[in-house]
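Novice: The lines below spell out each chain.
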Amino acid sequence: MSWAAPSSRQAAIVIGLGLCVLFAATAAQSTNVQAKVPFDHAQLARTSLEQFIRFGYARFGEAVGRMSDRVAELCSAPSENTLKAARESFRKTVAAWGGVEFITFGPVGENNRLERIMFWPDRRGIGARQVRRLIYAKKKRALDPARLAKMSVAMQGLGALEIALYSKGAGELAQPGAATFRCGYALAVSRNLGAIAKAILTSWASSGAFAKLWLTAGPGNTVYLSGRETTLELSKLLNQGLDTVVEQRLEPLAGIGARKVRRPVILARSGLTLNLVAADVAALKRLMFDGGIVTAVAARAGNDEEALSLMRSVRAETDLAVRLLKPLAQGADLLGKPGSDRKLVPTIFALKNIRENAVGLLKSSAGLSLGFNASDGD
Amino acid sequence: MEIDRRALLAGLVSLVPGFAATPQALAAARTVVGGAVRRSDGSYGAVLYDLDQGLLRQVALPGRGHDVAVNPVTGACVAFARRPGNFAIAFGPYQGGEPIGFTTPEGTHFYGHGVFSRDGGLLYTTENRIETGDGVIGVWSVKDGYKRAGALPAFGIGPHDLNLLSDGRTMVIANGGIATHPDTGRKPLNLATMKPSLAYVDVRNGELIEQHVLPARLHRNSIRHLDVAAGDTIVFGCQFKGPSTQHPSLIGLHRMGSEPYLVPDGVASSQDLRGYVSSVAVDRGGALAAVSSSRGQAVLFADVAGRRIIGKRSFPDASGVAAGSQAAHFVVTGGGGDVSDVTSRGSVDRHHQTDWAWDNHLAAVRLSPQHG
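Chains as they are written, first to last, in my numbering: chain A, 14 to 391; chain B, -2 to 369.
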C-alpha cells in the first residue's frame, strides 16, 4: 500500500488548519503568557467524572444490556433476522466501548477488567485459538457467566464475542439447533461483560469507592496525593488515546512508513475497525469539550488570545476528524479496498495536530510537565 | 528503534572535543560515573564524568540510551539503546580509540542493560526475541570486537537488569514479566498474566540454578532493576502495574536458597514513590543501597543487613544512582542535569550542574592507570 496525497480539498483544509495552529503556537511562544487564575483541578475532576467517565460507562452498560437481550433472542429463536439484530447490537456495543476504552485508571484497572473487556493487542492470536478450541470442545463451564469470569481473559470480552458472532461457522447461529453451544457461549460473554460494566459503574457512582478518591485528591488520599494528579490522568488518557488511534490503528491501515508491517487489525473480522476508531475520536472530543478540559484551560487562559486561538484550532481539527471518519466508519468494508489508505491520511494529519496542540496546551496550562525521567522511564 | 548496522557504524560514533584525560589524571580521580544523556541540542549521547575533573569522554548515540556497562578489567564502557532499540556503543575511558558499534541479531532487541564477565572477556546483555517474546541473554566476545558469541535463556519474559554474583559464574536476572512488541511500542501486552521473577543462571552452561516468583497477589509487581550487596544479597526494585488503589512494597531483598523479602514502607511509602522504582545501586562497602524513584522525586537509602529503609532525600527527576568512591556514598543524577555525591544519611557532599539530561541509569566506573 502506498499513501498518495489526499484529495486537494481535504489537503487544503488540513494544511490550512496546520498553518493556523503553527501560527498560533508561534505567537504563544513569542508572548509571555501569564495565567489569569489558577488551574482548577478539582472542577475538572468533577466535570470529567460527570460528563465523560460516568456518561461513557453508562452508555457502555446500556449497550451491553441490550446486546445480551438480542443474543438471548438469537439463542431462543435462531434466524437470519435475530442474527442480524445480535450483530447490530454488537456493533453498537463496540461503539460504546470506544467511548471509554482509553480510561485505564479506576475500577477498570482492577481484577483485569480492562483485559477482560477487550484483550488486545493479541499478536499471536491467543484469543482466537482459545475461543475456537472452546467452541469445538463445547466446554459447559463457559456457558455460566460467573465461571467464564474466572477463565482466560482472552475468552471473555468483545474479541471473543466477535469470533463467536463472525468467524467461520457463525452463520449456523441462524439455523435452529445448529450452533446451540456457540450461541450459549456468546450469551455468557455478553452477560459477563454486563457484570463487569456494572461493577465499574458502581465504583464510579456518586457513592462509589473510586469516585470518592477521584473527587478528594490531596494528602491522605490513597491514590491521588494532589489535584494535579487527576488532571495528569486525563492528560495521559488524551495523549495515549490519540497515540493509539494514530499509531496503532490508522497508520498501519494507511501503510505509512515503519508502520507498514502486517499485523492483526482490531475487529477486522467484523469489519468494525473504523467504527471503533470513529467512536474513539468522538469520545476524545467529548473529553475535551464536554469533559471540562477546554473549560479549565480557557478559564486559566483568561483573555489570552493566543491560547484561545490554539483552542479554536483544536476544535476545528477535532470537528474535521470526526467528520472525515463518519463516512469511513459507515462504509465498514473499507479495509483493503483500493484508495482506502488515501482516505485515512487527512484524518491522521488532523489527529496528530490535535495531539500536539491539545495535550501541550493542557500540560502547560495545568503545570503538568514532568521531568525527562519521570515522564518516560523504564 | 531499529538501526541499520551500516548506518550506525558509518555515522553515529564521533568523539567530542573535551577534556583530554590521561591515565595519570584519571588515576587520581575519585568518583567517575558513566551514563546515557540527552544533550542540549536534543541529540543523545553517553558520557564519562568525573566529579573532580568534569567530562572525561563523550560519544554520540543514534537514539536514546538506557544504561552503561563497565568492563571491570579495561574500564571500557558500553552504552545500550533503550527498549526496544537494537544498538550498543562501546568506548574506552580515554580520548582516542574509535568507539565500536554493534547491534542485536535480526529479530531481537536490547532491554537496555548488560554486565561484563569478571575477566572482562564477555559481555552479557538482556534481550527480547521479538516474535516469540522469549527473554534471552546475549553473549558477546569483547576481544573479537563485540562479536556475537551465543545466547543463554533468561527463563522469563522481559529480562531487564542482570548482574553476576561474587563467584563470577552465577548470573541473577530480573525478569520483569512484561511482554512487549516493537509494533506496539512499549505497551504491555500481558498484564493479566505477567509473572515477574528472579532467575539464577549458571553462565557456563546456561542452566537454571533456581528461580523465584513473587506471590500471586503481587504478580503485577514487575522486578526491573537489581544490584548485588555483600554476601550476594540481591537488592531489587519493582514497578507496580496493578490497580492504583494498591501500594505493595517496591524494594526487595533476596539470597539464593530463600524466599524474596519485600522491605516494608519506611520513611517513604510505595505511594510516595508512585509505584515506581527507577534504579538500584549498592555502595562500595556492600552494606547500603540507594533506590531512586523519578516519579516520586526521591532517593531512598536502605540498610541491607538490617532489611530496612534508613533515609530519604528529595531530588528533582532523580533516576541514575551509582556507588560513590567511598562506602556509604552514592552518585545521583537527574533529568535536569544535576549530579550529586550524597551520603546514605542524605547529605549532599558535592553537587554539579551539567548541561545534559541524565537518562534513567548510572554506572560507577573504577579507573586505574593501566586502563589505557
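Calculated directly from the structure, the hints in this document are not laboratory data. Keep in mind that the hints are not guaranteed to be accurate.
[Stated by the list, open to error] Straight-line C-alpha distance at most 30 Å; calculated BS3-like pairs for lysine-lysine:
hint, chain 1, residue 1, chain 2, residue 2
1, A, Lys153, B, Lys184
2, A, Lys211, B, Lys309
3, A, Lys376, B, Lys238
4, B, Lys140, A, Lys163
5, A, Lys376, B, Lys192
6, A, Lys97, B, Lys238
7, A, Lys105, A, Lys376
8, A, Lys153, A, Lys181
9, A, Lys249, B, Lys309
10, A, Lys163, B, Lys309
[To be verified] Covered stretches of chain B (in silico footprint by chain A; criterion: 3 or more residues with CB under 8 Å from a CB of chain A, positions within the stretch not fixed):
hint, region
11, 173 to 187
12, 200 to 214
13, 281 to 294
14, 312 to 320
15, 338 to 348
Beta carbons: idealized from backbone N, C-alpha and C, even for Gly.
Novice: Next, verify each hint and record whether it holds.
Specialist: Hints and how they fare:
Proposed proximity of A:Lys153 and B:Lys184 is contradicted: the alpha carbons are some 34 Å apart, above 30 Å. For a cut-off of 30 Å, the pair hint linking A:Lys211 to B:Lys309 is broken: about 42 Å separates their Cα positions. Proposed proximity of A:Lys376 and B:Lys238 is supported: the alpha carbons are some 24 Å apart, at most 30 Å. For the hint linking B:Lys140 to A:Lys163, the alpha-carbon distance of about 53 Å lies beyond 30 Å, and the restraint is violated.
Taking the CA atoms of A:Lys376 and B:Lys192, the gap is about 35 Å. The hint is violated against a cut of 30 Å. For a cut-off of 30 Å, the pair hint linking A:Lys97 to B:Lys238 is broken: about 40 Å separates their Cα positions. Pair hint A:Lys105 plus A:Lys376 does not hold up; C-alpha atoms about 33 Å apart against a cutoff of 30 Å. Only pairs whose Cα atoms come within 30 Å are accepted, and A:Lys153 paired with A:Lys181 is accepted, the gap being roughly 21 Å.
Using a Cα cut-off of 30 Å, the hinted pair A:Lys249 and B:Lys309 holds, with the two alpha carbons roughly 28 Å apart. With a CA separation close to 42 Å, the supplied pair A:Lys163 and B:Lys309 exceeds the 30 Å bound. Counting residues of the region 173 to 187 of chain B whose CB falls under 8 Å from any CB of chain A gives 7; the rule of at least 3 is met. Figure legend: the region 200 to 214 of chain B, annotated as covered by chain A; annotation inconsistent (0 residues with Cβ-Cβ distances under 8 Å, at least 3 required).
Check on the region 281 to 294 of chain B: 3 of its residues sit with their Cβ under 8 Å from a Cβ of chain A, so the three-residue criterion for coverage holds. Beta-carbon proximity to chain A at under 8 Å applies to 4 residues in the region 312 to 320 of chain B; the threshold of 3 is reached and the given coverage holds. Residues of the region 338 to 348 of chain B lying with their CB closer than 8 Å to a CB of chain A number 0, which falls below the three-residue condition for coverage.
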